[in-house]
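Those protein sequence lines, which keep their order, are chains A and B. If you count the first sequence from 1, position 116 lands on 116 in the working numbering, and the numbers rise without skipping. Heads up, the working numbering is the position in the second sequence plus 1000, with the first residue counted as 1.
Keep in mind that the hints were calculated from the coordinates and are not lab data. One thing to keep in mind: the hints can contain errors.
Said to hold, decoys possible - Pulled from the structure, derived: some chain A residues nowhere near chain B, Cβ distances all over 10 angstroms:
#1 7
#2 12
#3 35
#4 40
#5 60
#6 206
#7 210
#8 263
#9 279
Stated by the list, open to error - Simulated crosslink set (DSSO-like; lysine-lysine; CA at most 27 angstroms straight-line):
#10 B/1013 with A/33
#11 B/1013 with A/36
#12 A/122 with A/33
#13 B/1013 with A/38
Heads up, the beta-carbon is just placed ideally off N, CA and C, and yes, glycines get one too.
Given next are the chains, with one letter for each unit.
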Amino acid sequence: MAASNMKAIKRRIKSVESTMQITKAMELVSSSKLRKAKERSEQAVPFFNLLYQTMSEVASEAVGFHSVYTEEREEGAVLLIVMAGDRGLAGGFNLNVFRLADKRIRELNTMGREAVLMTVGKKSSEHYSKTTNRVLGTFDNIGETVTTYTALHMAQHIVHLFQQGHLSGVEIFFTNMVSPLSQEARQMQVIPVPNLERNPGVQSLTNYEPSPEAVFDSLIPQYLAGMLYCTIVDTYASEQAARRMAMENATDNAQEMIDDLSLKYNRARQASITQELTEIVSGANAQG
Amino acid sequence: MSTFSLQIITPEKIFFEGTVQRVIIRTTEGDVGILAKHEKYVAALPSGPVKITMEDGTERLAALSGGAVKVSPAQTAILANAVEWAEDIDVDWAKRSEQDALRRKENSKDQQELEYAEMKLKRALNRLRVSSMKD
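Based on the provided sequences and hints, a complete structural model is requested.
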């Protein structure tokens, strides 16, 4: 009986060990991908700050400035761009962002406005293919390889929809990597362009060519592309960080299980040795 | 000759940062030369060449793929989707990209696809032109 018990424990230890090898490997892969992704997301910051600053200046300095991208509209569909990962096994990473976006969809519905969607990441397109919301575009497997052109292409698609009057706003749902240990699902309004400082009446000293409005509107695709690029890269970095953490926990748990099972195995081994000894001794006694 | 500080940045990296004598860029309204103490100026940039005269008088040429330029007293900044030095341009790749853009243009089903193909074509042609301008 003891021997078969020992065998079963041994088999379990083996299986947990091989699982641990996988989670350990995934942890290492995520660590190195995280490092790269973090670099990329940090490099995008100066560009984006300057772009945003320029747009703020255009909007605030130009007298009588007016653009379709800054006015708030009460009706029309709102585009929600929901960014998630391409794979699971990353703890609550995908779920948190869906929860936030789903809440916003319900909110828009009660206001009587339509929410249309664009999804980034396989998990996101899977999630929203099951709902009744209109999905205008899906972008799978782009987190790792995203370039400015991918983002610009997406941005132009959105600008197009906007110009045709289909949309009244654009919001991005993404995950912000606060630190490698904490990621936070966020909602960000991109159009109408928020928080632009406006102080009308200040005479502009800057020369805009061809005109402030034309410069502002031509910056919009870049601004959108910049926003998309930054958030995609940030989400990807968060995914790796979340997976690294999830896999680290899994590895720790596996180690704990192995320790536990080893103890059981040793006990069983000890028990069987003791039993054999008792049998031999009692056999010898009976003979003697 | 007096100089000013120039920065060229893309979302992927800071491409160039330094002191220069002059920079010539192509805006939507035509070519513009910027020297030190230029007035405050902002313009949109299509794909086009950028010619920089460095502090020591040497000239460098780069291909820029869309962006904006912002001149302020402190600094001149060029925001670009992508930039490459003329000598770094991969001519074969640009040619393939040109072919691909032409094919896309032929097969485009709607206005949007057509516009996208045309922008891609312009970028490819710009790279090829800048690359041939260097010598």
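Now the hints, each set against the structure:
1. Annotated as non-interface, residue 7 of chain A keeps its C-beta farther than 10 angstroms from every C-beta of chain B; the closest such distance is 57 angstroms.
2. Distance check for residue 12 of chain A against chain B: the nearest CB is about 49 angstroms away, which clears 10 angstroms, and the non-interface claim stands.
3. Non-interface status of residue 35 of chain A relative to chain B is upheld: no Cβ of that chain comes within 10 angstroms, the nearest being about 16 angstroms off.
4. Chain B draws residue 40 of chain A into its interface by the beta-carbon criterion, the shortest separation being 8 angstroms against a cut-off of 10 angstroms.
5. Residue-level check passed: residue 60 of chain A sits 13 angstroms from the nearest beta carbon of chain B, beyond 10 angstroms.
6. For residue 206 of chain A, the non-interface assignment is contradicted: its Cβ lies about 4 angstroms from the closest Cβ of chain B, within the 10 angstroms cut-off.
7. The Cβ of residue 210 of chain A sits about 6 angstroms from the closest Cβ of chain B, inside the 10 angstroms cut-off, so the non-interface label is violated.
8. Even its closest Cβ contact with chain B, about 53 angstroms, leaves residue 263 of chain A beyond 10 angstroms, as expected for a residue assigned away from the interface.
9. Residue-level check passed: residue 279 of chain A sits 75 angstroms from the nearest beta carbon of chain B, beyond 10 angstroms.
10. Restraint check for residue 1013 of chain B and residue 33 of chain A: satisfied, since their Cα atoms lie roughly 19 angstroms apart, inside the 27 angstroms limit.
11. Proposed proximity of residue 1013 of chain B and residue 36 of chain A is supported: the alpha carbons are some 14 angstroms apart, at most 27 angstroms.
12. For the hint pairing residue 122 of chain A with residue 33 of chain A, the CA-to-CA distance comes to about 18 angstroms; that is within 27 angstroms, so the pair holds.
13. Annotation: proposed proximity of residue 1013 of chain B to residue 38 of chain A holds, straight-line Cα distance about 13 angstroms (limit 27 angstroms).
Violated hints, in rising order: 4, 6 and 7; the structure is consistent with all others.
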